[in-house]
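*Asks:* So you can see what is in the structure, the chains are spelled out below.
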Amino acid sequence: MNTATTHYPAAAASERIEIRTLCVLVDNEPGVLARVIGLFSGRGYNIDSLTVSETEHEKHLSRITIVTRGTPMVIEQIKNQLDRLVPVHRVIDLTTGGPAIARELAMVKVRGKGDHRMEALRLADAFRARVIDATTESFVFEITGSSDKIESFINLMLPVGLVEVSRTGVVAIGRGPEGM
Amino acid sequence: MTEMTGAEMVIEALADQGVEHIFGYPGGAVLPIYDALFQSQDRVRHVLVRHEQGAVHAAEGYARSTGKVGCVLVTSGPGATNAVTGLTDALCDSIPLVVITGQVPTHLIGNDAFQECDTVGITRPCTKYNYLVKNIDDLPRVLHEAFHIAASGRPGPVVVDIPKDIQFAKGTYSRPTEFQHKGYRPRVNGDPERIKQAVEMMAAAKRPLFYTGGGVINSGRKASELLRELVKATGFPITSTLMGLGAFPAADSQWLGMLGMHGTWEANWAMHDCDLMICIGARFDDRITGRLDAFSPGSKKIHVDIDPSSINKNVKVDLPIVGDCAHVLEEMLRLWRGVSPKPDKKTYEPWWSRIAKWRAKDSLAFHNSKDVIKPQYAIQRLFELTKDRDTYITTEVGQHQMWAAQFYRFQEPNRWMTSGGLGTMGYGLPASVGVQLAHPDSLVIDIAGEASVQMTMQEISTAVQYDLPVKIFILNNKYMGMVRQWQELLHGGRYSHSYSEALPDFVKLAEAYHAHGIRCENPADLDGKIREMIDVKKPVIFDCVVDPAENCFPMIPSGRAHNEMLLGDAAVKIEDAITEEGKMLV
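These protein sequence lines are chains W and F, in that order.
Residue 6 in our numbering sits at position 6 of the first sequence; the count goes up by one each step and never skips.
Residue 555 in our numbering sits at position 555 of the second sequence; the count goes up by one each step and never skips.
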């Protein structure tokens, strides 16, 4: 019944959950990633994926791409909370801020012989995955694409001998000539 | 540009920032800075506390009563970890502090060295920002940047962790002109279009209400003055959070008293029934809103806050304005004066007559006694006997804090120092030490509970050492009063570990500390003994023995809305009033 009778913000469960890709431009200084991650864990926000690397070496700026989920109110909080961290320069919501492209890279190891091996190669070809390591009984494929595509590829590899997967997490950028 | 050691740079930067006092406690990893303090012949006056938590609370009291940045100097390891409660307290209440911590030499960091801890790691979530300085060339910039970050935007505590070898290292000192963090640009001026829209909403409202908070105090003296002018110009009623008391004078006829869990009947009903809520520098905290889905259901809401993350966090508002209270209030006032035609004052008559009915409830009423001191009566007398003096009040946390907020009628900002957000028992005594240091000729009173005060009791020794005549006014009910109240109301009167079996003799304790002790058990003696407390020119511990069974009302029980408030006389019905879900809440 009245589960919402609380002094604390109403439980978000009944609200619509959205998935968003956020780009966060930060000063590349010691502890900056810990600040961002600590914010998410401390306030109970979700991280579906996170990638980080220095992108502007002269200015010591790093770009963090975070895929997160929450109600619209929680997403707004996440953006505002990120934005008020001292080393954060900008927070861009690539899901709502105009057209954007998101990609992920995965390395997928499969092991098998005979038909399984041939099937793995055929599927890899269909997904435009490249062979980057091979032995007589294994392949390592490199595949780039949307998270959905990678997910599908991995699922297909299961029956033909999936051993191990390594994924980068999502990187994303807005379409068109303008920078963030 | 001068050549000097890192330790000397610390003193130089503090002096450059106009710091007159620093609260601290020495130890191995800060000895070079203590040596520099000694050799600079106290260019910055150091106050030796008895525990690092006390140093941070003292700096908070200093900062809140002056509007300046409070400063702390502690050693590595336990020095830093002891400061964590104070840092969290300052973060919750947005108090500007610069806390300098010593650290083991850089080559030992990560080696589990003696008195080593990961200070920046531990303090990252409880500071606005923190630094570990690993290069002497960064030190001057970092020190000045720390002050800038602490004091600007939404204020907060900043930690600067300085390894011992950096304190010894030599470098050139100069006051930097620019900061490294280009991304840090707090927004001060509110959007003019939105302020215009806000004033239009105000002109159209029939049941408007100002709901103000600590942001008005933090914004500075001018914000309080502008708020007063705007409230007068509009004729709207005003209520405030615990943190905002004093921004608007409690004696004014437009003042409805504090709102929230222990707020007045009229303030909470006005929040519930208003058609326009103008929130200035408050953050819709759970102690304020009560049950969220029943919070002020019929109102449009305007929210002015310098921190965008405070907006739409708990309550969805109709018109957010990000900016400093003083700037936004100034613009609101200017535009309001230009509103033509002005809303007829008669517009608000029905609203004021409803408020008058709520006021008639006299929700703070209590049954006084001739035999035992009622805590509310004690605060009333304290107020009457100190109101014409230059008085500052600090508190601990619990029932006494709520009674102080209800019955001490603050007229001016920066006179009320209490731990609002974190609710830190043990805040008030060290905070009073900081306040008294900043205002040596003023009357500084810590309204305390006997449980809270024992958490930082040792700081009375600091007060004695520096001739700081603070008055520790203990409402002694022998219980952790608020815990006892909740146990009575929510847990069937099972008083699990909320009774202090062995209290010290506070009068003898005062004497042991070379302070002055007073005990009062009889209501008839109260005035005389309060006068004695005021007249004694040294620290006083006043043991005011009060009714142990008194509860703090009004009260919005857990899980209830503003219009479901309980009054003192309704006490017997409280158990029925609280739902099973409500019992889950704190």
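Read the hints as simulated data drawn from the structure, not as lab findings.
None of the values given here were measured: they were computed from a predicted structure.
Warning: the hint list may mix true and false statements.
Unchecked claim - Per the computed footprint, the stretches of chain F lying under chain W, defined by three or more beta-carbons under 8 Å from a beta-carbon of chain W, are: (1) 118 to 127; (2) 216 to 223.
To be verified - Quick list of in silico lysine to any residue cross-link-like pairs, SDA-like style, CA-CA up to 25 Å: (3) W:K59 <-> F:R124; (4) W:K79 <-> F:K182; (5) F:K134 <-> W:K79; (6) F:K182 <-> W:L61.
Backbone N, C-alpha and C fix where the C-beta goes; we use that ideal spot for every residue, glycine too.
*Asks:* Decide, hint by hint, whether the structure agrees.
*Replies:* Hint by hint, here is what the structure shows:
no. : hint             : verdict
1   : 118 to 127       : holds (count 4)
2   : 216 to 223       : violated (count 0)
3   : W:K59 <-> F:R124 : 24 Å, holds
4   : W:K79 <-> F:K182 : 18 Å, holds
5   : F:K134 <-> W:K79 : 31 Å, violated
6   : F:K182 <-> W:L61 : 11 Å, holds
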